[in-house]
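A.B. asks: Let the hints inform the model, and build the full structure from the sequences given.
If you read the protein sequences in the order shown, they are chains A and B.
Be aware that the first sequence starts at 4, since it is given in our numbering, and climbs by one per residue.
Be aware that the second sequence starts at 272, since it is given in our numbering, and climbs by one per residue.
Some chain A residues near chain B, calculated using beta-carbon distances under 7 angstroms:
id : residue
1  : 181
2  : 236
3  : 712
4  : 720
5  : 722
6  : 725
7  : 730
8  : 733
9  : 750
10 : 751
11 : 755
12 : 758
13 : 762
What the hints contain is simulated information worked out from the structure, not anything from laboratory work.
Just so it is clear, the structure is predicted and the values come from calculations on it, not from any experiment.
Built from N, CA and C at the ideal position, the CB exists for glycine as well.
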Amino acid sequence: MKITSLSVEGVGKFAEPTVVEGFGPGVNVLSAPNETGKSTLFRALHACLFERHSTKGETVRSLASEGRNLPVTVRVGIELDGVDYSLSKSFLRSPKASLLRDRVEIAQGREADESVWRLLGLEASTGKLDIATFGLLWVAQGDSVHQPAPADEARNTLLAAIEAEIGAVAGDEQARRILQTATEEFSELMTTRGVKKGGPLGVAEAARLRANSALEEAERKLELVDSQIERLQSLSADKERLDDRVAQEELRGRLQEAIERQRELDGAQSKLREIEQSERSARQLAEACGRDRDRLRETAANIDRDRAARAEALARVEPLQAQKSEAERSSEGLAAELAQIEADLDALELRERRLNSLANARKAEDTTGRLQRQREELTAWSERQSLNQRALAANPATREAFREISETAGRLQLVQARLETAAAQVEIRLEPAGLGQVYLQGRPLTESSAQAAVQPLEIRVGELATVRVTPAAGGQKAEAERAELAARLDARLQAIGAADISHARDLRESREALEEEAQEIRTMLGSLGVAQRPPADRMTEITAEIERIARQVEAALAEAQTETLPAMAEIEVDLAAIAEQRTSLRRRQTQLRAEAPRAAAQLRRIETLVSSCQLEMRAIDARLESNLSILPDAERESKLAQVNDTANKAWREHQIQAAALEEQRRKTPSAGEIEAARAETHRLRQEMEAHAQKLRNLDKEIHYLTGAIESAGGDGIGERVEELREQQQQAELEAQRWRNRAATLELLCATLEDCLRQRRESLHAPLHKRLAPFLEDVFPTAGLELGDRLSVQGLRRDPSSVESFDKLSDGTQEQIAVLVRLAMGSLLADQGHPTPIILDDALMFSDDERIGRMFQALQRAGENQQVIVLTCRERTFAALEGHRLSIVCGAG
Amino acid sequence: MRFIHTADWQIGKSFKRFGQKEDTLRRARLSAIESIGRLAREQGAAHVLVAGDIYDTESPSPQSLREPLERMRTFPDIEWNLLPGNHDPHRSKGVWDRFQALHPPAHIRLLLETKAYDLGPDAALLAAPLTRKSEKRDLTAWMDEAETPAGKIRIGLAHGSTRDFGVDGQAPNPIDPRRADSARLDYLALGDWHQTLSIDPRVWYAGTPEPDRAGGQQQGTALVVEIEGPGAVPRVERRAVGAFRWISQEERVGDEPFDRLESRLRMLPELSSTVLRLTLAGALPLAERVELQRRLEAFQAAVFHLDVDDSQVHLRPSAEDLLDAGFDGVLRAAADRLQAMAADQGLEDERRRRAEDALIELFLAAQTTDSRGAAV
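C.D. replies: Quick look at the structure:
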């Protein structure tokens, strides 16, 4: 199919008959500015082909020209399979339709409507053709940015085209619905992380785990009860065995015998301990008496020894006292000499400081003369500067002011010259009789006068006449300029106090001399250090400095207690002598300081020896005093004899007790025998106690087990276990049933998804085939990922990744959407349905390079079918080759 | 003399898998005691011998412990002789101590010792109670040496297995099947085997009065035993006392119309009190597989309980199946793939089974899902 012509009347702004001219095969371009009515023509074309002529719908009503009571008339020429048809329809008023073939009417009215649809291969019954196949390929303004989403009818047409290539396809939609249902049910059972909590399988699994847990717990309890019953039986047998009364009596008898035997042994042991105590007391008394005797003898010996030692210590201490006195004298001599040296050094330091003060005062006084001279020079130059500044202030003829006066005077002369050149020459020859009778500008002439009439002149001749000479009109302007310049010159001369230009020049020369003098003064003051500040400040500083030096000299003289400052050479000689004396003193001081510690150490050593001897003698004296208080020399012999007798008596008493102890020891059993008897008694008691304890433990355990078993029996644990076992089996079966269900659904979903994927791939192949060259034109080496319902999923520019369609730029999305439409058109064309592609204001977001490539793709599409492009971008689309369409108004 | 021989009441047995019907089955076991009591009265039997496993467990709940006692209490003219079995052995502080603590009336006698008891004036009852769940010794061996008053009928009462006696790996609680001869017993009343069984004319298993599983005794029974005197051959008569029939039936599908199978099942007696375990095997097309499911669901309401094992019913979808289902395109490809998996002998059974289930799911979904719509 091709559109060959289009004309309208009563459509939008085309109230008058209007024709779109220039249609041809391939690419057609209608470039016109906004508001031209391109989109209205597009909608009129659409209505003519797909709306019934009798419709009063909004689509047609919106086409009518406003304020005009005209029918909406559209005529479309189409070529189908080499035959020319012309379809004309009038809507709303006097509706009618007519279809011509090769200029011969073949149908009218409703028949004309439906005949066209049949010719186009479309169904006549639905009345929804505009959203079908043509909706895909005829893209209204603003729709080109959306990817094509074929409505059901369009998909059927495309499907028919695809079926023609790959065979019949059916059942996929139902498979998709089944897959969705199965997936939804599966998702209730499982998630990607495993069993879904709260879902039927999750609930069944939870119930199974609970049942398992409850059963395990109950089985544990039952097992415990079982073991408790076994244990109870074993304990009952043990108790019966332990309850043997004969064995218990025999054990009791053996214990009694052991107790009697132990009692006898304990008696003998007790008597032995008494005798041992007596023997120990006697032995301790004998030993004490012996120790008293020995201590007294030792005291006597100590007294004798201390008396000899005291005499020897006294002999050692006397020479040491003499050595100590000598060492003390030596140390005192050293200290006195050191003190004298330090006093001498302090005196030298004081003298040196005073000499330094005098030296500084001498240096300062030497600068006083220079400062006074500088102050005098400053005073002279300062006064001269004041005079210069006053003279400058009295003479305002600055360089700038004089320059302006010169320029103004120059310009005035120039204007004056121009006036005089153009003005009439007025010459008055004054005759003698006229003297006093002739007035020029109100002043009597005293002689003949000749001047140019550059301004109005009034000449009065007595009472006879008054002559007014008025310059020509062109001279008035120049005169005004002259007057203005003259006034300006006067003002400027007055400003500098000059009477005329010559006076001004003199003033200027005078001021230049003053300016040169000012510069000289500034240079001198700068050399005196007051370039940037008032000279008075500097003079104040100099005065202060002179005063400070005077005070310094006065202070130095007072300190040195002299009236005149010595010469610097004298001062330096004195300072050198002081340095020499100080060096000598310090050398001696160092020598004495090295000797002092040695003398002190010697003194301390002697003092230590003396002290040691004295301490030794005091200790001997103390011991002697103590020992003599115990054993005075007068009682020495009698006391020694008395302690000796007492010791001998106590020793004999001990000998008697020791013999008695030996006798008792022979009679008493050994410690081993006694311990063995005690151990036997203890063992038998333990055995009795252990037996009784064992019986008590058995009773206790039997009692506990009996209670536990009765309690468990009362709870019906065995029956409970059987119930739980069945519940667990049921829960296991239920969980297994849901697991099976999940596995079944999973398998079904996986199978359906895989089959759908395979089917989708085969369905997309024909479209991919048509899409490939267009993609190559615009996105070389890229591929498109198609999804369900021929939707575009993404662009694959890189083999390893796919860019989601939604994430692409608006421009790229629009370009891809247009390319897919071109491919769909190509698919339909290949299957015998060459349908025009119409793009209204498409490619709005394309840059210059990309739009060039898109033009290439459009050219490629135009090779097989008609492509009509409506655009307002005349300059950009000038590069798109093809038939140029034009709108011709009033063509009727 | 005439007495009733019964065993394996297993009171307190759990029937949780029957859901809400559990209580009905538990009560049926208690009702069987009353049926036995009535049978004894009807037959003029003064004694009921219960050969073990009165309780299902050694520690029944207090309610389960009391319930048989109360049922027997209503028959004071009958002497009920209860022997501990392997499910309820007599152990210290066990079920029988608890039973005695309930102070049963005198006509309910517990046989807790291995000894001879008087059974009325004419007979001696030699009891062999179990004191543990699993006994390796033959507890009836003592009967060979047991003395009883001359002229009295000797009746043995025990609980255990006579199968494979004396061979390695014999069952626990063994009983010599020749015990009646060796111990000069006129009758040896046994329990443990849940089907009525005669080992020889003097040695009988009574079977359970109310079955608890399919595949065994279909209906509960008790034995009426009559012995003229010492040395006489006992006359034993089986009498139904159970309320429910437990039937296990295997059927093939695919070889005959479903109507015939359904007819056969509906011909079973007393369907409303039948617990039926139906094992099905065969191969079916998809549509028939669905139809089978529908019929089984309908039949379930006719029986007390229906338990179907259809794990051996395999799918064999036909071309008509796929055609009827309107399978085409992706659906057809998926069905073909699942069918191939189901038939792939190289796959595990479980995997093949899942493929069959997925195929059925697909088939059912296709039937309930709108098949209109194009496929792009």
